[in-house]
Structures are given as C-alpha cells and as structure tokens.
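J.: Read off the chains here:
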Amino acid sequence: AQSVTQLDSQVPVFEEAPVELRCNYSSSVSVYLFWYVQYPNQGLQLLLKYLSGSTLVKGINGFEAEFNKSQTSFHLRKPSVHISDTAEYFCACSAGNMLTFGGGTRLMVKP
Amino acid sequence: ETGVTQTPRHLVMGMTNKKSLKCEQHLGHNAMYWYKQSAKKPLELMFVYNFKEQTENNSVPSRFSPECPNSSHLFLHLHTLQPEDSALYLCASSQDRQLGGQPQHFGDGTRLSIL
Numbered sequence: 002a003q004s005v006t007q008l009d010s011q012v013p014v015f016e017e018a019p020v021e022l023r024c025n026y027s028s029s030v031s032v033y034l035f036w037y038v039q040y041p042n043q044g045l046q047l048l049l050k051y052l053s054g055s056t057l058v059k060g061i062n063g064f065e066a067e068f069n070k071s072q073t074s075f076h077l078r079k080p081s082v083h084i085s086d087t088a089e090y091f092c093a094c095s096a097g098n099m100l101t102f103g104g105g106t107r108l109m110v111k112p
Numbered sequence: 548e549t550g551v552t553q554t555p556r557h558l559v560m561g562m563t564n565k566k567s568l569k570c571e572q573h574l575g576h577n578a579m580y581w582y583k584q585s586a587k588k589p590l591e592l593m594f595v596y597n598f599k600e601q602t603e604n605n606s607v608p609s610r611f612s613p614e615c616p617n618s619s620h621l622f623l624h625l626h627t628l629q630p631e632d633s634a635l636y637l638c639a640s641s642q643d644r645q646l647g648g649q650p651q652h653f654g655d656g657t658r659l660s661i662l
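Chain order of the listed sequences is A and B. Add 1 to a position in the first sequence, counting from 1, and you land on the number used in our numbering. Add 547 to a position in the second sequence, counting from 1, and you land on the number used in our numbering.
The shape of chain A in the complex, shown without the other chains (with noise of 0.2 Å):
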C-alpha cells in the first residue's frame, strides 16, 4: 500500500513570490507521481506527471516538480506566482492500478 503526505494544508504567499509545495509518498514498489490542482467549484486539473527519465518535469501554468527518490518527495514550485494560481494542489502516488490522493495544499496568493 502507498500513501501520500502533503506536509502544508495552507500556503499563503504575496503575488510575484515563489512558492513550494511539499508531498512526500511511502510505496515499496515504484511510482508514478501527479499534481494536480482544483480551482474553486471545478474538479482536478492535471498539472504534472512524473513517468520516469528526467526527475525535474515541467508543467502547466509555469509549474515544475522535482522527484527526489531517496528523500521520497515530488516537491512542486513556481518561481513568481499570480492571483490566479490560488486554489487547492493534490499530490497523487499511482502504484500499480492503485491511485492515492494527498491532503490537499490550499494556496492563498494575496495581492
């Protein structure tokens, strides 16, 4: 079995700031890893997908996400974030057919 750990419920950060968000997954076989992000009485978007190859991946909305395996962790960052990028972030860990969700991160950009 496989979990996911979103270590912050609430990220606030000013408009043009840089931003991380954290998960960190357990799974004893090998994984997939997603972000995804939901916007305010929308359903998921997918923003990123780490398959293999690369371990820095590049995504929608200026969004990128770093796999580290030996700590574990599928970080997402944005260098200078807008208004428009407040919403809520999943981490999702896919092993197997087995899909599992993280916590959720809101993040609160304020003018």
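Dumping the calculated EDC-like pairs for lysine to aspartate or glutamate here, alpha-carbon to alpha-carbon at most 16 Å:
hint: 1; chain 1: B; residue 1: Lys-583; chain 2: B; residue 2: Glu-631
hint: 2; chain 1: B; residue 1: Lys-587; chain 2: B; residue 2: Glu-631
hint: 3; chain 1: A; residue 1: Lys-111; chain 2: A; residue 2: Glu-17
hint: 4; chain 1: B; residue 1: Lys-588; chain 2: A; residue 2: Glu-89
hint: 5; chain 1: B; residue 1: Lys-565; chain 2: B; residue 2: Glu-614
hint: 6; chain 1: B; residue 1: Lys-588; chain 2: A; residue 2: Asp-9
hint: 7; chain 1: B; residue 1: Lys-587; chain 2: A; residue 2: Glu-89
hint: 8; chain 1: B; residue 1: Lys-566; chain 2: B; residue 2: Asp-632
hint: 9; chain 1: B; residue 1: Lys-587; chain 2: B; residue 2: Asp-632
hint: 10; chain 1: B; residue 1: Lys-588; chain 2: B; residue 2: Asp-632
hint: 11; chain 1: A; residue 1: Lys-50; chain 2: A; residue 2: Glu-65
hint: 12; chain 1: B; residue 1: Lys-587; chain 2: A; residue 2: Asp-9
A short list of chain B residues far from chain A (calculated; beta carbon distances all over 12 Å):
hint: 13; residue: Val-607
hint: 14; residue: Glu-614
hint: 15; residue: Cys-615
hint: 16; residue: Ser-619
hint: 17; residue: His-620
hint: 18; residue: Thr-627
hint: 19; residue: Glu-631
Short derived list, chain B residues pointing at chain A, Cβ under 7 Å:
hint: 20; residue: Leu-590
hint: 21; residue: Arg-644
hint: 22; residue: Gln-645
hint: 23; residue: Gly-647
hint: 24; residue: Gly-648
hint: 25; residue: Pro-650
hint: 26; residue: Phe-653
hint: 27; residue: Gly-654
hint: 28; residue: Asp-655
hint: 29; residue: Gly-656
If you are wondering where the hints come from, they were derived from the structure by calculation, not from laboratory data. All figures in this text were calculated on a predicted structure; none of them were measured in a lab. Idealized CB from N, CA, C, for every residue including glycine.
Based on these hints, arrange chain B on the given structure of chain A.
T.: Below, chain B alone, put in the same frame as chain A:
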C-alpha cells in the same frame, strides 16, 4: 473542457428523495471512477469500473448505487441519503484501470446538498 461532463452541477434533495448523478466522457477511456470530496477530508474513492465491469467498491453504503451501461457513461443512483452525504461528487476517467501511470481526467463535479 476536460472531456468529462457531469450533470447536474448542483443538486438539493431531501432524505427520502431518489435522484441520479450522470457522468459522460468523450476521451475514449475504458475506466471510470466516482469520488466523494467532503470539506476537510481527503478525496474518497467510491467505485471503479473498468471496461464496464465494477472492479472496486470501497465499502460504500448501499444507498449509493452505481451503474455503468457502457464505457462512456457512468451513473450514481441516490436514495434515502443522510445529511453527512452532502459533498462534491467527482467523476473521473482514465485509459485503463490496470495500466500504471495513467492520469485520471476529472469532471467539474456535482455539489450535492441533503436537507
């Protein structure tokens, strides 16, 4: 536009009513999922269908009854719900439940309120 459409977007019902949620995907996927998203709780996987066959039922109460007539359509039939069933119900699809590394594509959900 995610390719997964859910209707209705909002639903208010009494505890004795019967209603259905509908999900349709236009992505050619073979796996479909129902999730429950409650405030302050992680996403809960409810049901999984792969090639129209139900492969998972995560201890969901029988007042929730899924139906998958074909790979493109998924329903969730509701009857005699409880106030704690008020939540956002999300439908998702993926290429094949058995394939690893396949992202799930989500609809915008149905916001359900039980009076």
